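Enquirer: Protein chains in written order, with the UniProt record's numbering: chain A, 1 to 201; chain B, 1 to 245.
Among the hints, a few may not be true.
Computed from the model, here is a short list of chain A residues facing chain B with C-beta under 7 Å [unchecked claim]:
#1 82
#2 87
#3 90
#4 110
#5 114
Going by beta-carbon spacing under 8 Å, a handful of chain B positions derived as facing chain A [to be verified]:
#6 95
#7 98
#8 99
#9 100
#10 101
#11 102
#12 222
#13 225
In silico lysine-lysine, DSS-like type, Cα no more than 30 Å apart, as pairs [what the hints assert, rightly or not]:
#14 A:67 with B:88
#15 A:74 with B:88
#16 B:97 with B:50
Everything labelled a hint here was simulated from the structure, so no lab data went into it. In this text, all values refer to a predicted model and were calculated from it rather than measured experimentally. Ideal placement from N, C-alpha and C gives every residue a C-beta, glycine not left out.
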Amino acid sequence: MEYNGGAVVAMVGKNCVAIACDKRLGVQAMTISTEFPKTFQATPKTYIGLPGLATDVQTLSEKFRFKVNMYRLKEEREIEPRTLAHLVSSTLYERRFGPWFVEPVIAGLDKENRPFICSTDLIGCINFAKDFVVSGTTSNQLYGMCESLWEPDLEPEDLFETISQSLMNAVDRDCLSGWGAQVTVITPDQVITRTLKSRQD
Amino acid sequence: MADRYSFSLTTFSPSGKLVQIEYALSAVNSGVTSIGIKATNGIVIATEKKAVSTLIDDSSLEKVAIICSNIGMVYSGMGPDYRVLVNKARKAAQAYKRVYMEEPPTAILVKEIASVMQEFTQSGGVRPFGVSLLIAGFDEKGPMLYQVDPSGSYWPWKATAIGKNMVNAKTFLEKRYNEDIELEDAIHTAILTLKEGFEGQMTENTIEIGIITGAVSTKDDGAVILPEFRKLSPSEVKDYLANIA
Chain A
1 MEYNGGAVVA MVGKNCVAIA CDKRLGVQAM TISTEFPKTF QATPKTYIGL
51 PGLATDVQTL SEKFRFKVNM YRLKEEREIE PRTLAHLVSS TLYERRFGPW
101 FVEPVIAGLD KENRPFICST DLIGCINFAK DFVVSGTTSN QLYGMCESLW
151 EPDLEPEDLF ETISQSLMNA VDRDCLSGWG AQVTVITPDQ VITRTLKSRQ
201 D
Chain B
1 MADRYSFSLT TFSPSGKLVQ IEYALSAVNS GVTSIGIKAT NGIVIATEKK
51 AVSTLIDDSS LEKVAIICSN IGMVYSGMGP DYRVLVNKAR KAAQAYKRVY
101 MEEPPTAILV KEIASVMQEF TQSGGVRPFG VSLLIAGFDE KGPMLYQVDP
151 SGSYWPWKAT AIGKNMVNAK TFLEKRYNED IELEDAIHTA ILTLKEGFEG
201 QMTENTIEIG IITGAVSTKD DGAVILPEFR KLSPSEVKDY LANIA
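Isolated chain A (complex conformation):
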């Protein structure tokens, strides 16, 4: 899990959610790319963040795209975030004794536009949170930052500030993450993804 590095965080606001990740891809100490975001869109209102071993990040993002598309074709509706969380969990547990080295984060709005976030461990144990979830090599630093900065019922603009500050300052204390950040804020009307410039070291 500490071979490629990476950080993902998601937070709940007032009728909105935000998910953010860093953009570094490294091979242990050597940074080989600064364009490796770790959040992927599952449905128009749900995103999955996948920090961890980069090859598994790529494979699982494609596997989940496949499963979500098949769901949409068969059920003729978009998958709800809660259902997606269980789908991710069962997919990971299928490999209980030879796991995927990722610890996913899911953030989205359900069909009533209620915010939903959760994270899972590498073998699929779901952590349903009401405030924020963190994952990746920077998780300890992120816990500290989020615990201090987060408050309930933040408006989308304030949530963006809060999640950005949490991520930026946390990855500055982790040599394996950073090199830019990508923040996505999901509201009932629109989804805005912003790229942040951070310390390039």
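Could you slot chain B onto chain A? The hints should help.
Expert: Positioned in the frame of chain A, the structure of chain B alone reads:
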């Protein structure tokens, strides 16, 4: 002509039919009648419980089966084939639940069962199932009633009958069905329709009725609660029968 192509399931006849499936449908049409009616707020499915002898303990004979909490099923045709399909349907519903932690929508379960039935029309050494199924379910799209045939084709219905008396029963239903029918009226109509072709005395022990009704609701954390399918107890059936006497 049909006889030369009727022995092997996997051979088409010149007219483009699979004759074994036609014969399976004959098995269905000689089975007891089953009715399904979709109302605005739910669905009722009903069937005759024909005991061959008065010595049979008909309280332990189950024709209307619960597949998962929001889906129920009844049949016309061969009982043993039905039992196999009930088990497969129940397993399919639980497998869906293992992955998604929710009950399958009716249409998804119907597709699964229909694929199973179709498999048995295209494999070697097997024969088609000798049953037609009426599957009633309530999901987020509302109440849905489906019929699945031995060939594996399925249709959604507003009201239908299968089995021995289906032609008369469907004519009867066409006259009495309207889009705004509510569940209480639907149960009443189902019993009357069964009565049309009933041989012998209709009591609470000789018919079986299953209903699903209610509304989809959501818990605070967003989890969806679906209405539950249940069978009417003999005393409830007796009350309905008293109303039509």
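Enquirer: Could you run down the list of hints and mark each one as holding or not?
Expert: Checked hints:
no.: 1; hint: 82; in the structure: holds (6 Å)
no.: 2; hint: 87; in the structure: holds (6 Å)
no.: 3; hint: 90; in the structure: holds (5 Å)
no.: 4; hint: 110; in the structure: holds (5 Å)
no.: 5; hint: 114; in the structure: holds (5 Å)
no.: 6; hint: 95; in the structure: violated (10 Å)
no.: 7; hint: 98; in the structure: holds (6 Å)
no.: 8; hint: 99; in the structure: holds (5 Å)
no.: 9; hint: 100; in the structure: holds (5 Å)
no.: 10; hint: 101; in the structure: holds (4 Å)
no.: 11; hint: 102; in the structure: holds (6 Å)
no.: 12; hint: 222; in the structure: holds (5 Å)
no.: 13; hint: 225; in the structure: violated (13 Å)
no.: 14; hint: A:67 with B:88; in the structure: holds (23 Å)
no.: 15; hint: A:74 with B:88; in the structure: holds (19 Å)
no.: 16; hint: B:97 with B:50; in the structure: violated (35 Å)
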